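Asker: For reference, the chains in residue letters:
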Amino acid sequence: NAGVMQNPRHLVRRRGQEARLRCSPMKGHSHVYWYRQLPEEGLKFMVYLQKENIIDESGMPKERFSAEFPKEGPSILRIQQVVRGDSAAYFCASSPPGSLNQNIQYFGAGTRLSVL
Amino acid sequence: SQQGEEDPQALSIQEGENATMNCSYKTSINNLQWYRQNSGRGLVHLILIRSNEREKHSGRLRVTLDTSKKSSSLLITASRAADTASYFCATATGANNLFFGTGTRLTVIP
Chain P
953 NAGVMQNPRH LVRRRGQEAR LRCSPMKGHS HVYWYRQLPE EGLKFMVYLQ KENIIDESGM
1013 PKERFSAEFP KEGPSILRIQ QVVRGDSAAY FCASSPPGSL NQNIQYFGAG TRLSVL
Chain S
56 SQQGEEDPQA LSIQEGENAT MNCSYKTSIN NLQWYRQNSG RGLVHLILIR SNEREKHSGR
116 LRVTLDTSKK SSSLLITASR AADTASYFCA TATGANNLFF GTGTRLTVIP
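Chains as they are written, first to last, in the numbering used here: chain P, 953 to 1068; chain S, 56 to 165.
Treat the hints as calculated values from the structure; they're not laboratory data.
Be aware that one or more of the hints could be misleading.
What the hints assert, rightly or not - Computed list of lysine-lysine pairs in DSS-like fashion (alpha-carbon distance at most 27 Å, straight line):
| hint | chain 1 | residue 1 | chain 2 | residue 2 |
| --- | --- | --- | --- | --- |
| 1 | P | 1003 | P | 1014 |
| 2 | S | 124 | P | 996 |
| 3 | S | 81 | S | 125 |
| 4 | P | 1023 | S | 111 |
| 5 | S | 111 | S | 81 |
| 6 | S | 124 | S | 81 |
| 7 | P | 1023 | P | 1003 |
| 8 | P | 1014 | P | 979 |
| 9 | S | 125 | P | 1014 |
| 10 | S | 81 | P | 1014 |
| 11 | S | 111 | S | 125 |
| 12 | P | 979 | P | 1003 |
Here the structure is a predicted model, which is why all the values come from computation and not from measurement.
Sequences are here, hints too, so could you generate the full structure?
Answerer: Right, here's the structure in full:
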């Protein structure tokens, strides 16, 4: 049973380009979360999705960032027109359905985005 | 902000000693969790304590929770070099998302 898979592990973009980060949750998991981590800091919640629904995007910047979790395929975190301040590690986590109040999350290894 | 804070920010101990990390948070919670992160890796769940629990054990880990003080502690007994990592507390408030603290970097010296 594969864990949470994120790709790519490392992504280099120039300012103004688009970054697409992919996350495949653990098998049977229907909840996906995205977090951002700056060096030497904790994880900051960005967005919580279920299949085809955004449940909570209170941590997402209002502009340039979007996320989706389609019926088929991985969850995608998309950053348009990247700036140097977007450089960070982006982690995806998943949890199984019916896990409210037992919300242990299983994390991927992260995607490290570097903006030149 | 709902984010918690860990104390100390960094801790260095000798192998075999105990390590204690503290976490403070700001809002009412359903549960509090501790995670470990090895350098350059994702987080691994260690232990969950519910808001109506005061203490929980798992192997060499002991977690306490004081909801009146909005604080928790993680004790690692008989530390090993392999325990070297960053440790984060995370609070769950009812929705499924977690709010992470700033982390404690633990170094265990062989």
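Asker: Taking the hints in turn, state whether each one holds.
Answerer: Hint check:
no.: 1; hint: 1003(P) <-> 1014(P); verdict: 21 Å, holds
no.: 2; hint: 124(S) <-> 996(P); verdict: 23 Å, holds
no.: 3; hint: 81(S) <-> 125(S); verdict: 7 Å, holds
no.: 4; hint: 1023(P) <-> 111(S); verdict: 38 Å, violated
no.: 5; hint: 111(S) <-> 81(S); verdict: 21 Å, holds
no.: 6; hint: 124(S) <-> 81(S); verdict: 9 Å, holds
no.: 7; hint: 1023(P) <-> 1003(P); verdict: 6 Å, holds
no.: 8; hint: 1014(P) <-> 979(P); verdict: 31 Å, violated
no.: 9; hint: 125(S) <-> 1014(P); verdict: 31 Å, violated
no.: 10; hint: 81(S) <-> 1014(P); verdict: 25 Å, holds
no.: 11; hint: 111(S) <-> 125(S); verdict: 16 Å, holds
no.: 12; hint: 979(P) <-> 1003(P); verdict: 13 Å, holds
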